Amino acid sequence: MMSRTPLILLACGSFNPITNMHMRLFELARDHLQKTGRYQVIEGIMSPVNDDYRKKGLVSARHRIAMAKLALETSDWIRVDPWESEQETWTETVKVLRGAATNLRSGDPTYKGFDLAQLQLKHHYNESLRLLQSKKELMKNKWPIERSTEDPLSYQHSVLPELKLLCGADFLQTFKTPNLWKEEHIKEIVEKFGLVCISRAGSDPAQYISESDLLTQFQHNIFLVKEWIQNEISATQIRYALCRGLSVKYLIPDSVISYIAHHNIYTEESERKNEGDLLQPLKLHNTTVNPLND
Amino acid sequence: MMSRTPLILLACGSFNPITNMHMRLFELARDHLQKTGRYQVIEGIMSPVNDDYRKKGLVSARHRIAMAKLALETSDWIRVDPWESEQETWTETVKVLRHHYNESLRLLQSKKELMKNKWPIERSTEDPLSYQHSVLPELKLLCGADFLQTFKTPNLWKEEHIKEIVEKFGLVCISRAGSDPAQYISESDLLTQFQHNIFLVKEWIQNEISATQIRYALCRGLSVKYLIPDSVISYIAHHNIYTEESERKNEGDLLQPLKLHNTTVNPLND
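Top line first, the protein sequences correspond to chains D and V. Taking the working numbering, I'd label the letters of the first sequence as residues 1 to 294. Taking the working numbering, I'd label the letters of the second sequence as residues 1001 to 1270.
Source of the hints: derived by calculation from the structure; they are not laboratory data. Source: prediction; values computed, not measured. Worth double-checking, as some hints may not be accurate.
Partial selection, computed: residues in chain V whose CB lies under 7 Å from chain D [claimed, not checked]:
no., residue
1, N1020
2, W1204
3, T1212
4, Q1213
5, K1225
6, Y1226
Below, simulated DSSO-like cross-link-like pairs (lysine-lysine); rule was C-alpha separation at most 27 Å, straight line [as the list claims (entries may be wrong)]:
no., chain 1, residue 1, chain 2, residue 2
7, D, K35, V, K1225
8, V, K1152, V, K1168
9, D, K226, V, K1168
10, V, K1069, D, K249
11, D, K226, D, K176
12, D, K249, V, K1035
13, D, K249, D, K55
14, V, K1152, V, K1163
15, V, K1168, V, K1035
16, D, K226, V, K1225
17, D, K69, V, K1035
18, D, K187, D, K283
19, V, K1056, V, K1259
20, V, K1069, V, K1095
21, V, K1225, D, K249
22, D, K69, D, K273
23, D, K249, V, K1202
24, D, K273, D, K283
Where a beta carbon is used, it is the ideal one built from N, C-alpha and C, also for glycine.
Bound conformation, chain D alone (with noise of 0.2 Å):
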């Protein structure tokens, strides 16, 4: 039998709001992975950003979580997790991920004194290996005496997911973005997780990574998916959209579309949010980052 990694897709970002395009981007993702014969992808997770990011137009976490819950209802591999947004403060991206590979590697060394944030986060990854491991009960509870090791449940106990962070092209770029990254935090998330980066028209991250030594040496841990479907939904073209009454129907599902129009979510006043704010990786790497509370 094959064998196959079981792989995590997780993406960060505003999801504000959620569109078509943002779930595209986890089907495209997971026909590429799925493609090249290495990997099972079993879950796919939205991760809505905190309100403390402090990015112009950014509406109540609350609102993004409930929009994005509406638009994947009828998915059966993705789901949001608030969990980022229910912090007190913006969590790095590195620290989304490490709480998600801590759980899942349990005993590595490598991740000493959790943090809250690591801590919490963990819960989820604990929920998909509690429903691995209950599955597995089943399992011997049904075939007692025989446990071959061409079953397919015992043999996925045996290799723990992996995870990946699932982004568009754009988001490598932003590696360049002076004192939004840690060069040690860029270099954790494509060595120790990887990146799946979808292309888009206008995009070369193929490029991108040879002019960046650290994504060059990392590159095998990089996946490039190529976005077959001109399908660039702006969330940023969505709100200035509703904000004048145009349509969006059809490039945002129906549900999100009544959300927005029952909670008056997107008006000129919620464009002029945090207007002229710093963003707050932006003003924490200009100063001594604070370590988050346990």
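Could you slot chain V onto chain D? The hints should help.
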């Protein structure tokens, strides 16, 4: 009260299958025309082409109509019309326009009759409905910018049909990235003459969901979720519509309009 002309949008095409982008064209067009202040868009009609068009990979109209119906379930103003697909042969676009225009007039007429029977004594000129009845609806062809360019294809269109379309009806033309419809219009004397009746709408989202690519993906078991409605995806799976075999249909055949225009055109029976 502002004087808005009622307007119906008609889109002809393969819809093989219908995609979110097809439906977006209607929404964009309506927004644009409403904002001119001159029109009230009252209806959108999707008219899938007859099987006799002979396009490569064109699946049965029965399926294409069914899929469009499913996709349009959540729309309160766009509907699919099977008339064109039910004719014995392929129908020239201008005739489809004429048909639907006549239908809208007929509908208007019967409404008028109904009103007369309802209020036989009083017929106020301030009655908003009697006002509405004095303004005939317009019917315009909704299309992508690349559609304009097909006017250049030899033997695909009759010159007098193009003229009738732009003069008597009008075009609402959604531009894609890479298309420059304004330039194409200026290159054509006929289109320049009637440019007041050609509405150019900018698609502000890069959202070019090609039905051809959708079929390609379906044949290869790739996901098309969020590109076409879930109900259509289920329908396709259930009926196993798009396959390597369906893609080969009509392979090597000439498109019907090209065939027709190389010989004497037989007028369609009424």
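### Task
Against the structure, test the hints numbered earlier, and report the numbers of the ones violated in rising order.
3, 9, 17
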